[in-house]
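Number 439 in our numbering belongs to position 40 of the sequence shown; there are no gaps in the numbering.
Hints in this document: simulated from the structure, not taken from any laboratory. Built from N, CA and C at the ideal position, the CB exists for glycine as well. Heads up, some of the hints might be wrong.
Unchecked claim - So the derived label-pair ranges between C-beta atoms look like this: (1) T411 - P458: 18 to 28 Å; (2) Q417 - H477: 15 to 25 Å; (3) D447 - W404: 26 to 36 Å; (4) M462 - D438: 15 to 25 Å; (5) G444 - H477: 18 to 28 Å; (6) K476 - L449: 11 to 21 Å; (7) R441 - E418: 29 to 39 Å; (8) F445 - G419: 26 to 36 Å.
As the list claims (entries may be wrong) - With a Cα cut of at most 30 Å, we get these calculated DSS-like pairs of lysine-lysine: (9) K473 - K408; (10) K471 - K408; (11) K453 - K471; (12) K446 - K473; (13) K435 - K453; (14) K435 - K405; (15) K435 - K446; (16) K435 - K474; (17) K408 - K446; (18) K476 - K405; (19) K453 - K408; (20) K446 - K405; (21) K405 - K473; (22) K473 - K435.
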Amino acid sequence: MIDVWKEIKLATNEICIQEGGTVTHHHAVGRDHRVKGYDLQRPEGFKDMLVSAKEGVDPGSIMNPGVLIDPKGKKYKHWMED
């Protein structure tokens, strides 16, 4: 059942973005919308700014690691990725 939901979710994200919409509102952005959503829509350079801010506030990356961004030097597999 979750596989069907994932397929529908990713397809609707893609269509929404193609039509000029956004999937990056504040609710569950990283948890449900990072793959084929937030990663595609954030402006160039914004990720670097987030990484720098995250390192300053949470240098041990213990608060929600991998939700919006991966900690520097690490790659988390998002649950929506195959």
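Okay, the hints, checked on the actual structure:
1. Judged by the Cβ atoms, the range 18 to 28 Å given for T411 and P458 is violated: they are separated by roughly 37 Å.
2. Separated by about 21 Å at the C-beta atoms, Q417 and H477 satisfy the suggested range of 15 to 25 Å.
3. A beta carbon spacing of about 32 Å between D447 and W404 agrees with the range 26 to 36 Å that was offered as a hint.
4. Taken as a hint, the range 15 to 25 Å holds for the pair M462 and D438, whose Cβ atoms sit roughly 20 Å apart.
5. Range check, G444 to H477: Cβ separation about 21 Å, and the 18 to 28 Å hint holds.
6. A C-beta distance of roughly 19 Å is found between K476 and L449, which places it inside the suggested range of 11 to 21 Å.
7. At about 18 Å, the CB distance of R441 to E418 disagrees with the hint of 29 to 39 Å.
8. One distance hint, 26 to 36 Å for the beta-carbon pair F445 and G419, is violated here, with the actual separation near 19 Å.
9. Annotation: proposed proximity of K473 to K408 holds, straight-line Cα distance about 26 Å (limit 30 Å).
10. Pair hint K471 plus K408 holds up; C-alpha atoms about 28 Å apart against a cutoff of 30 Å.
11. Proximity of K453 to K471 is assessed by CA-CA distance (about 9 Å); at most 30 Å being required, the pair is judged to hold.
12. Under the criterion of a C-alpha separation no larger than 30 Å, the hint pairing K446 with K473 is consistent with the structure, at around 14 Å.
13. Annotation: proposed proximity of K435 to K453 holds, straight-line Cα distance about 22 Å (limit 30 Å).
14. Distance hint between K435 and K405 is fulfilled; the C-alpha atoms sit about 11 Å from each other, no more than 30 Å.
15. Distance restraint check for K435 and K446: the Cα-Cα separation of roughly 15 Å lies within the 30 Å cut-off, and the hinted pair is therefore satisfied.
16. Restraint check for K435 and K474: the C-alpha separation of about 16 Å stays at or below 30 Å, so the hint holds.
17. Simply put, K408 and K446 have alpha-carbon atoms about 23 Å apart, close enough for the 30 Å limit, and the pair holds.
18. The hinted pair formed by K476 and K405 meets the criterion: a straight-line CA distance of about 15 Å does not exceed 30 Å.
19. Simply put, K453 and K408 have alpha-carbon atoms about 28 Å apart, close enough for the 30 Å limit, and the pair holds.
20. For the suggested pair K446 and K405, the alpha carbons sit about 24 Å apart, so the restraint of at most 30 Å is met.
21. Straight-line distance between C-alpha atoms of K405 and K473 comes to about 24 Å, which keeps the hinted pair within the 30 Å bound.
22. Pair hint K473 plus K435 holds up; C-alpha atoms about 20 Å apart against a cutoff of 30 Å.
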